[in-house]
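Start from the sequences and build out the full structure, keeping to the hints where you can.
Just so you know, the protein sequences line up as chains E and R, in that order. If you count the first sequence from 1, position 139 lands on 139 in this note's numbering, and the numbers rise without skipping. Quick note: to get this note's numbering, add 1000 to the position in the second sequence (first position is 1).
These aren't lab readings, by the way, just hints derived from the structure by calculation. It is possible that part of the hints are untrue.
To be verified - What follows is a list of derived Cβ distance ranges for each label pair:
| no. | chain 1 | residue 1 | chain 2 | residue 2 | range |
| --- | --- | --- | --- | --- | --- |
| 1 | R | Thr1139 | E | Asp54 | 29 to 39 Å |
| 2 | R | Pro1212 | E | Gln99 | 51 to 61 Å |
| 3 | E | Gly156 | R | Thr1223 | 42 to 52 Å |
| 4 | E | Arg33 | R | Asn1264 | 49 to 59 Å |
| 5 | R | Ala1080 | E | Asp42 | 22 to 32 Å |
| 6 | R | Gly1059 | E | Cys100 | 43 to 53 Å |
| 7 | R | Pro1212 | E | Met1 | 44 to 54 Å |
| 8 | E | Val14 | R | Asp1011 | 20 to 30 Å |
Idealized CB from N, CA, C, for every residue including glycine.
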Amino acid sequence: MAVQISLQINGRTVEAEVQPNLLLVDFLRQEQRLTGTHVGCDTAQCGACTIHLDGRAVKSCAILTVQADGARITTIEGLASGAELHPMQRAFHRHHGLQCGFCTPGMVMAGVSIAENHGTPDPAVIRAELEGNLCRCTGYHNIVKAIAAGAREMAGRS
Amino acid sequence: MYRFEYHRAKDIGDAVARRQAAEDGLYLAGGMTMVPTLRQRLASPSDLIDLAGIAALKGLEEADGSLRIGAMETHADVAASALVRDRIPALSGLAGGIGDPQVRNRGTLGGSVANADPAADYPAAVLGLGATIHTDRRTIAADDFFCGLFETALEDDELITAISFPVPKRAAYRKFKNPVSRYAIVGVFVADFGDYVRLAVTGAAASIFRLPEMEAALAGEFTAAAIKQITVEAAEMNRDLHAGTGYRAHLVGVMARRAVEAANG
Ligand SMILES: Cc1cc2nc3c(=O)[nH]c(=O)nc-3n(C[C@H](O)[C@H](O)[C@H](O)COP(=O)(O)OP(=O)(O)OC[C@H]3O[C@@H](n4cnc5c(N)ncnc54)[C@H](O)[C@@H]3O)c2cc1C
Ligand code: FES
Ligand code: FES
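Spelled out as structure tokens, the structure:
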């Protein structure tokens, strides 16, 4: 039986009727057309689907949409303000923190979370906190540099 | 994913009643094991009963020399708790080393212990500290709880509500982790309570187990040297692509000594 849910996505209130077996990532991508959140695996290991749920980084491929009833969700589309990129997005651009870009939405969402939880962490902390995000292209060095720089910029602003 | 009905339980009684009314229901905690399992069609419950809205399954408090932690406390919240860090730092560190940050933000104590994955971390603390599992109908001692591969003493519809962990004099957990999943290839939790010592091994065999010979030696002298000569039978160890039986048996000794050294910090 379909379930009625109400949640906030990128500041917008969304009401929907969904099947219990609909994954949150599929709801976001297919029904909300927010295709920035990616799906890279079947095993909840790659982190490409990372979003923020009530302010915490989570893997949207391992959550049912019905579990997000009443939640506040931010996806990669919700970070920028208009044409102005979020500091973490700018840092990935500036430090060349991506190659094919497939893992990037998850990396940026994880990066924002790392900065929120750890301020301006050193590279060892960033690497440990990225355990749940896999990248097949970059070798991680520039991702770590980008997150360090993005975190510094976020700290400077607040 | 197969189809199923979804229920949001209001309280413990409501959850158990809905579970009993369902043809083939299962409880849903954070979904960190459940949702991947459903995705792979390894389970086909008729109903899922979501525990997330039950306030009585949350909470972290100290009582009678134990830390009582609600079944729905996430790994991230246990790891971040100042109380846990102060009283049982080994438990705090264990919770902070499960999986990755995203998994820790959703995965729960109750879900991990009910699932009884042979490579999971929390069962090592439950057995190593001699914890008590509180359910909707009784209390179960850790020594009676884990019964085999993914098998526990829980009845089908029994709900874990909280777990009480006795506060030891000193304790430590060390795991040799699978670099992809971070599950334990072998993990050892050791706890010194003054007049006795408990030591539990996860990841190594079909189910978590204690090593009485090491416990006795450590009760006499709590040093890594005291257990240096004690070995475990390779024949009873797990074997998979990550580690063979002999290597796992070897790792049990190494992780046990590292845990003792860490507890002596
Ligand atoms: C990528 C990844 C990496 C991981 N790495 C590790 C690791 O390194 N170490 C480790 O220990 N674990 C690891 N896990 C597992 C994680 O710790 C989860 O906590 C665990 O899978 C349980 O998930 P959950 O709490 O969300 O429970 P769910 O998945 O919701 O439920 C799990 C099972 O427990 C039952 N259940 C849940 N709550 C209760 C309750 N209160 N009473 C009775 N039954 C209940 C459910 O019916 C279900 O059968 C990992 C998981 C993932 C996805
Ligand atoms: S798609 Fe979610 S972790 Fe890989
Ligand atoms: S940039 Fe290609 S997977 Fe990370």
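Hints, one by one, checked against the model:
Taking 29 to 39 Å as the suggested C-beta distance range, the pair Thr1139(R) and Asp54(E) conforms, at roughly 32 Å. For the pair Pro1212(R) and Gln99(E), the beta carbons lie near 54 Å from each other, so the given range of 51 to 61 Å is met. A beta carbon spacing of about 49 Å between Gly156(E) and Thr1223(R) agrees with the range 42 to 52 Å that was offered as a hint. Between Arg33(E) and Asn1264(R) the Cβ separation comes to about 57 Å, which falls inside the hinted range of 49 to 59 Å.
The hinted window of 22 to 32 Å between Ala1080(R) and Asp42(E) holds, with their beta carbons roughly 30 Å apart. Under the hint 43 to 53 Å, the C-beta atoms of Gly1059(R) and Cys100(E), about 45 Å apart, fit the expected range. In this structure the hint that Pro1212(R) and Met1(E) lie 44 to 54 Å apart at CB holds, the actual value being about 52 Å. Roughly 28 Å separates the CB atoms of Val14(E) and Asp1011(R), a value that falls within the hinted 20 to 30 Å.
Consistency with the previously given hints is maintained throughout, with no hint failing.
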